Amino acid sequence: MDITVGELESAICRLRQTHLETLTPLRQVGVVSALSVLAQRWRDPSYELRRQAELITDPFPFAMVEVSLNALLDSLTPERLWALIDSEEMRGVSGCPVIGHVIAGNTPLLSWVSIIRALLVGSGSLVKLPSGAASVWGHLFHQSLFDVSPKLAECVTIFEWPGGTADLDAALCASADLIIAHGSDATLRSLGAYCPGRTPFIGYGHRVSFGLVTTGSGSAEAAAGFARDILLYDQGGCLSPQTIFVEGDWSETIHFAAGLAEALALTVPLYPLPTRAASAASAVREARLLASMEEGTRLWGDEALRWTVIARTQREFVPSPTFGIISVQSLETLADLPEAIALVSAFLQGCAVAGDEQDYIPNVSYLCAPGEMQTPPLHWRQDGRDVLRLLPGRRQHENFRL
Amino acid sequence: MSDKFRVVENHSLGEAPSGCKESRSNGCSASSPESVVQRTPYLASGFQPLGICLGICLGICLLLGLGTSIIPAGYNRQMKDALIRQIADFITSSPVHTSDDIFEALALQLFARQYALVAPYRRLCDASGATPDTLFRWQDIPAVPAAAFKAFDLSAVPLSDSKAVFHSSGTTGAEASRHYFDADGLTLYETSLRVGFRDALPDCPPHLWALMPNPEAAPNSSLSHMLGTLRAERFFWEADDALAGTLKKLTEPVTLFGTAFAFVQLFDGTLASWRMPQGSVVIETGGFKGRSREVPREELYGLFGTRLGVPLTNCHSEYGMSEMASQFYGRGLDSEKRGPHWVRTRTIDPLTGEDSLPGTPGLLRHYDLANWNSVQALQTQDLGTLTPSGFLLHGRAPSAEVRGCSLTVEELWTSRSAS
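As they're listed, the protein sequences go chains A and B. Each residue of the first sequence is one higher than the one before, starting from 0 at the first, in numbering that gives the first Met the number 0. Each residue of the second sequence is one higher than the one before, starting from 0 at the first, in numbering that gives the first Met the number 0.
The set of hints was computed from the structure by calculation and includes no laboratory data. Every value quoted in this text rests on a predicted model; they were computed, and no experiment measured them. Treat each hint with caution, since some may be false.
From the derived model, a few chain A residues whose C-beta atoms are all more than 12 Å from chain B [stated by the list, open to error]: (1) 49; (2) 153; (3) 232.
Straight-line Cα separation of at most 20 Å, DMTMM-like style, residue types lysine to aspartate or glutamate; simulated pairs [to be verified]: (4) B:149 <-> B:335; (5) B:149 <-> A:294; (6) B:149 <-> A:285.
Note that CB positions come from ideal geometry on N, CA and C, so glycine has one too.
Assemble the whole structure, with the sequences as input and the hints as a guide.
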């Protein structure tokens with residue numbers, strides 16, 4: 000759908016009105032109730048929108064998104080929603096009238112999370128979805144909201160336009176009361192530049208994650224968990240591990256890497272993807288060839304190019320081209336970890352730990368067990384920030400800018 | 000000419016030069032190129048007769064006067080290795096007299112050498128079970144990704160013995176490729192680029208001007224080195240006013256060789272147009288790399304006509320890369336590129352890793368005998384379709400994946416270099 004700047008500005012005006020007429024009288028109790036009903040419906044296998052979602056294959060099959068969806072739905076009980084609101088001392092606090100959301104590509108449920116958080120503080124949402132197949136998930140949420148509460152659904156407007164469309168980006172940033180944007184550093188810089196001096200801007204940039212296996216914890220169960228973390232979303236998420244460190248010597252690393260390869264082979268049929276595109280296939284082949292040129296590496300991979308395990312002797316974090324390429328590396332002791340991840344310390348998001356030792360984990364915003372990396376709860380403090388307290392209106396935070 | 004023939008005769012495939020025998024008797028290690036060649040099975044057994052035939056064939060070609068006047072006589076006398084002399088002779092022979100069999104024999108010997116002397120390459124080969132003992136076709140020689148020139152020092156000699164190193168010109172902030180040349184390799188490179196240029200563009204005006212830094216100013220630019228080797232008379236770099244003034248005064252046809260962005264910068268910097276003398280030729284190479292606005296190829300070639308007065312029939316393109324010693328050339332807007340007879344190209348289906356189906360695009364994989372000191376087989380990320388005389392270049396495989404929220408390797412490099 001092609002939209003104009005005028006249509007975008009009109010939509011924001013309408014959202015301001017609905018903020019006053021709908022959200023403010025509805026109060027948080029009404030929003031919490033509606034969201035919990037929405038979650039119940041999505042849990043029902045006969046719910047029409049869920050049945051539609053189950054047919055989605057592009058960019059990811061339903062089986063893949065379902066893992067994260069279930070975790071999100073778990074967060075939408077009244078008890079958990081109030082716990083979130085209270086933990087950030089946001090009970091009774093009203094947010095700004097209209098939040099502009101810019102959603103990153105290939106992130107099916109990101110729009111859900113962003114809109115839900117806005118609704119919890121009584122803010123209307125103008126959502127810019129990325130062009131591409133993943134946007135269908137944003138529309139499904141909106142339809143679902145309409146099923147539950149048409150009035151609440153009127154507080155959300157969804158548009159799609161290609162990233163970098165200057166006039167629309169500028170109009171959104173100028174008209175909304177707060178901008179929440181997800182994307183690359185370049186995207187965030189560009190959008191931030193459009194925000195007038197007093198429009199708060201919250202940017203979530205691209206990030207990386209890693210895994211850790213402490214001594215004696217490299218079990219088949221841990222390997223299976225990591226296999227799921229790697230395969231979900233084709234390793235393209237900020238919570239997808241790119242390197243797994245194994246505490247111990249080289250033989251332990253090789254042992255775990257072989258187990259991980261086995262787990263990946265077993266897990267990959269659960270999350271089918273279309274045949275790899277030429278560019279992705281080429282990237283995988285190149286990564287495998289380059290790895291084979293390194294001294295001492297061991298490599299496992301499948302013919303369909305869905306997963307590749309590279310056991311490396313080097314200690315430092317190795318960024319992955321994604322596409323299921325995971326590096327497994329030795330750490331003599333956990334005290335070496337900070338140095339090993341120094342390269343990406345400014346970009347860390349999450350870490351899955353197999354084992355009990357977590358004291359050495361540096362400042363990541365999401366710490367979990369293997370298999371849980373793609374199932375963060377609604378209250379996950381992405382980038383270490385509060386999720387609701389960031390959203391109040393302009394008057395309270397005139398100089399607020401992130 | 001007789002000198003050249005003697006070289007071939009004395010050191011035809013399978014016969015180690017006397018110098019090497021001396022070296023070995025003095026404790027020459029297995030890392031000596033000659034000793035490697037000696038150890039290769041195809042020389043020790045069935046391939047030796049082929050090697051002798053090869054030497055005879057090359058010798059006959061040279062006796063027939065098929066060498067080239069642009070290559071200084073005796074240019075290869077100082078080359079220490081018999082194999083490189085044979086490759087040089089193959090390169091300087093007429094394409095009519097160079098067969099696939101000879102190419103294959105040379106390629107396999109070069110593989111044996113590079114397998115023995117370039118450690119990261121040997122590891123790659125070993126991982127796939129490809130060794131000089133197991134390979135019998137040039138097509139089976141493992142290729143390194145072009146990115147390997149960034150990650151590894153691919154050199155058959157210690158880096159301290161290299162005479163030149165050429166870098167890639169990427170602008171993403173990522174580490175640049177490094178292509179090392181030892182003395183013999185550099186001579187071979189210069190020989191190959193001269194012959195390649197002559198054979199591809201025989202009618203170019205001899206007055207050659209380059210729109211790029213001169214080799215002294217850019218010692219790590221393979222393009223500048225190439226134009227220096229081709230004896231470009233003038234180099235124009237960030238001197239568009241001087242070029243514009245000089246173009247006005249031209250009285251003889253000129254070959255103007257430059258990067259696409261240098262041409263665009265020239266055109267964007269002034270409203271002036273020129274009428275280069277009839278017979279002038281334009282050769283463009285490379286992309287824009289963020290150095291100028293991006294201009295579609297059709298528009299750029301249109302500007303060659305309207306702004307320089309050079310008709311499309313006199314416009315050519317060069318396709319090369321710092322990781323590869325040899326070049327490909329195309330004419331006009333035709334996207335077909337043709338390589339020299341010492342280069343073979345395959346197109347690889349990225350999904351299967353095998354040859355793409357005839358007539359369908361695949362990733363270009365080049366085998367370049369002039370890549371003496373590094374690795375001859377190069378896997379690119381460029382898509383192409385083979386034609387009877389070359390390949391159609393389609394450019395980079397388009398990225399079909401929409402990114403998620405993970406940081407890319409490129410972003411990481413960019414952010415590191417920015418900080």
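Results of checking the hints against the structure:
Every C-beta of chain B lies more than 12 Å from that of residue 49 (chain A), the closest at about 23 Å, which supports listing it as non-interface. Every CB of chain B is more than 12 Å from the CB of residue 153 (chain A) (nearest about 29 Å), matching its label as outside the interface. Not every C-beta of chain B lies more than 12 Å from that of residue 232 (chain A), the closest at about 6 Å, which undercuts listing it as non-interface. With a C-alpha separation of about 28 Å, the suggested pairing of residue 149 (chain B) with residue 335 (chain B) is violated against the 20 Å cut-off.
Between residue 149 (chain B) and residue 294 (chain A) the alpha-carbon distance is near 16 Å, which keeps this suggested pair within the 20 Å criterion. Straight-line distance between C-alpha atoms of residue 149 (chain B) and residue 285 (chain A) comes to about 13 Å, which keeps the hinted pair within the 20 Å bound.
Checked against the numbered hints above, the structure violates hints 3 and 4; every other hint is satisfied.
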